[in-house]
Amino acid sequence: SQELEQSPQSLIVQEGKNLTINCTSSKTLYGLYWYKQKYGEGLIFLMMLQKGGEEKSHEKITAKLDEKKQQSSLHITASQPSHAGIYLCGAALGGSQGNLIFGKGTKLSVKP
Amino acid sequence: GAGVSQSPSNKVTEKGKDVELRCDPISGHTALYWYRQSLGQGLEFLIYFQGNSAPDKSGLPSDRFSAERTGGSVSTLTIQRTQQEDSAVYLCASSPWTSGSNEQFFGPGTRLTVL
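First to last, the protein sequences are chains A and B.
For the first sequence, our numbering begins at 1 and goes up steadily by one.
For the second sequence, our numbering begins at 1 and goes up steadily by one.
Hints in this document: simulated from the structure, not taken from any laboratory.
Quick reminder that beta carbons are idealized off the backbone N, C-alpha and C, glycines included.
Among these hints, one or two may not hold up.
Unchecked claim - Here are the simulated DMTMM-like cross-link-like pairs (lysine to aspartate or glutamate), alpha carbons at most 25 Å apart as the crow flies:
id : chain 1 : residue 1 : chain 2 : residue 2
1  : A       : LYS64     : A       : GLU54
2  : A       : LYS36     : B       : GLU103
3  : A       : LYS104    : B       : GLU14
4  : A       : LYS107    : B       : ASP24
5  : B       : LYS15     : B       : GLU103
6  : B       : LYS11     : A       : GLU41
7  : A       : LYS38     : B       : ASP24
8  : A       : LYS107    : B       : GLU44
9  : A       : LYS38     : B       : ASP56
10 : B       : LYS57     : A       : GLU3
11 : A       : LYS27     : B       : ASP24
12 : A       : LYS36     : B       : ASP24
13 : A       : LYS64     : B       : GLU103
14 : A       : LYS17     : A       : GLU5
15 : A       : LYS107    : B       : GLU68
16 : A       : LYS60     : B       : GLU103
17 : A       : LYS56     : A       : ASP66
18 : A       : LYS68     : B       : GLU103
19 : A       : LYS27     : B       : ASP56
20 : A       : LYS38     : B       : GLU85
21 : A       : LYS104    : B       : GLU44
22 : A       : LYS56     : B       : GLU103
23 : A       : LYS104    : B       : GLU103
24 : B       : LYS11     : B       : GLU44
25 : A       : LYS38     : B       : GLU103
26 : A       : LYS27     : B       : GLU44
27 : A       : LYS51     : B       : GLU103
28 : A       : LYS36     : B       : GLU44
29 : A       : LYS69     : B       : GLU103
What the hints assert, rightly or not - Which stretches of chain A does chain B cover? Using the computed rule of at least three CB atoms under 8 Å from a CB of chain B, they are:
id : stretch
30 : 39-50
31 : 100-111
The whole structure should be built from the sequences, with the hints applied where relevant.
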């Protein structure tokens, strides 16, 4: 079974609308990382969350970590075409270091 | 500053051939990771190197896959006797391995197609 589940798998929103992507872990999280990927490119780091209840924002993107639920959410406010891409959550499930386990990603399309 | 670079960006090969993929990590980063991304499978961990420690090879799918890291810097991922199911984007990442953070910086990937 997938250790990190992302939902939804894909999302199409109208420009200007808000949206939320969720990432749920089946194991204890030692750190939750959000990345964005555009076709043909590598992953771009967005944010890292480590403590339960932690919330970080970068421009119009906010991420929260609910440690008890072993879940993180990524919220985009007033979406723009530049937000389009694949959003991936990654987690260090075996401790604070080492390789990351990734979800399968959420493909976001923003219609102008 | 220079990020993680990978070469080649694209590789097309015939089934049964060997291929080598190269990764140049960010200077000073002690940790280096290889991942594979394929349709339907998402991003899979393959192997990682940290300093002089023995590499963690737990993600390598078969003994046809191997990797080395020379001088604690450049890494080469080798796939022997390639199969069609090896077709994927191979991503390399490096990390400064600072306490409390495992932020990984990714390269653009090598798209491998096995005919």
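Cross-check of the supplied hints:
1. At roughly 6 Å between alpha-carbon atoms, A:LYS64 and A:GLU54 fall within 25 Å of each other, so this suggested pair holds.
2. Between A:LYS36 and B:GLU103 the CA atoms are separated by roughly 13 Å; this keeps the pair inside 25 Å, and the hint holds.
3. Under the criterion of a C-alpha separation no larger than 25 Å, the hint pairing A:LYS104 with B:GLU14 is inconsistent with the structure, at around 28 Å.
4. Between A:LYS107 and B:ASP24 the CA atoms are separated by roughly 29 Å; this puts the pair beyond 25 Å, and the hint is violated.
5. Taken as a hint, the B:LYS15 and B:GLU103 pair is broken in the structure, with Cα atoms around 35 Å apart against an allowance of 25 Å.
6. With a CA separation close to 15 Å, the supplied pair B:LYS11 and A:GLU41 stays within the 25 Å bound.
7. Using a Cα cut-off of 25 Å, the hinted pair A:LYS38 and B:ASP24 holds, with the two alpha carbons roughly 21 Å apart.
8. Annotation: proposed proximity of A:LYS107 to B:GLU44 holds, straight-line Cα distance about 18 Å (limit 25 Å).
9. The suggested pairing of A:LYS38 with B:ASP56 is violated, with an alpha-carbon distance near 28 Å, which exceeds 25 Å.
10. Of the supplied pair hints, the one linking B:LYS57 and A:GLU3 holds, its CA atoms being roughly 19 Å apart against a limit of 25 Å.
11. Between the alpha carbons of A:LYS27 and B:ASP24 the distance comes to roughly 32 Å, so the proposed pair goes past 25 Å and is violated.
12. Of the pairs offered as hints, the one joining A:LYS36 and B:ASP24 holds, with about 21 Å between alpha carbons and a cut-off of 25 Å not exceeded.
13. Of the pairs offered as hints, the one joining A:LYS64 and B:GLU103 holds, with about 17 Å between alpha carbons and a cut-off of 25 Å not exceeded.
14. Proximity of A:LYS17 to A:GLU5 is assessed by CA-CA distance (about 24 Å); at most 25 Å being required, the pair is judged to hold.
15. At roughly 33 Å between alpha-carbon atoms, A:LYS107 and B:GLU68 are farther apart than 25 Å, so this suggested pair is violated.
16. About 21 Å separates the Cα atoms of A:LYS60 and B:GLU103, which keeps this hinted pair within 25 Å; it holds.
17. Distance hint between A:LYS56 and A:ASP66 is fulfilled; the C-alpha atoms sit about 13 Å from each other, no more than 25 Å.
18. Restraint check for A:LYS68 and B:GLU103: satisfied, since their Cα atoms lie roughly 23 Å apart, inside the 25 Å limit.
19. For the hint linking A:LYS27 to B:ASP56, the alpha-carbon distance of about 20 Å falls within 25 Å, and the restraint holds.
20. Taking the CA atoms of A:LYS38 and B:GLU85, the gap is near 23 Å; set against the 25 Å cutoff, the hint holds.
21. The straight-line distance between the Cα atoms of A:LYS104 and B:GLU44 is roughly 10 Å, inside the 25 Å bound, and the hint therefore holds.
22. At roughly 15 Å between alpha-carbon atoms, A:LYS56 and B:GLU103 fall within 25 Å of each other, so this suggested pair holds.
23. Restraint check for A:LYS104 and B:GLU103: satisfied, since their Cα atoms lie roughly 19 Å apart, inside the 25 Å limit.
24. For the hint linking B:LYS11 to B:GLU44, the alpha-carbon distance of about 19 Å falls within 25 Å, and the restraint holds.
25. Of the supplied pair hints, the one linking A:LYS38 and B:GLU103 holds, its CA atoms being roughly 19 Å apart against a limit of 25 Å.
26. For the given pair, A:LYS27 sits about 17 Å from B:GLU44 by alpha-carbon distance, which is consistent with the 25 Å threshold.
27. Between A:LYS51 and B:GLU103, the direct Cα distance comes to roughly 15 Å. Compliance with the 25 Å bound is thereby established for this hinted pair.
28. Taken as a hint, the A:LYS36 and B:GLU44 pair is honoured in the structure, with Cα atoms around 16 Å apart against an allowance of 25 Å.
29. For the hint pairing A:LYS69 with B:GLU103, the CA-to-CA distance comes to about 23 Å; that is within 25 Å, so the pair holds.
30. Using a Cβ-Cβ cut-off of 8 Å, 8 residues of the stretch 39-50 of chain A lie near chain B, which meets the minimum of three, so the contact claim holds.
31. Residues of the stretch 100-111 of chain A with a Cβ under 8 Å from some Cβ of chain B number 6, which satisfies the need for three, so the listed coverage holds.
Violated hints for the displayed structure, listed by number in ascending order: 3, 4, 5, 9, 11 and 15.
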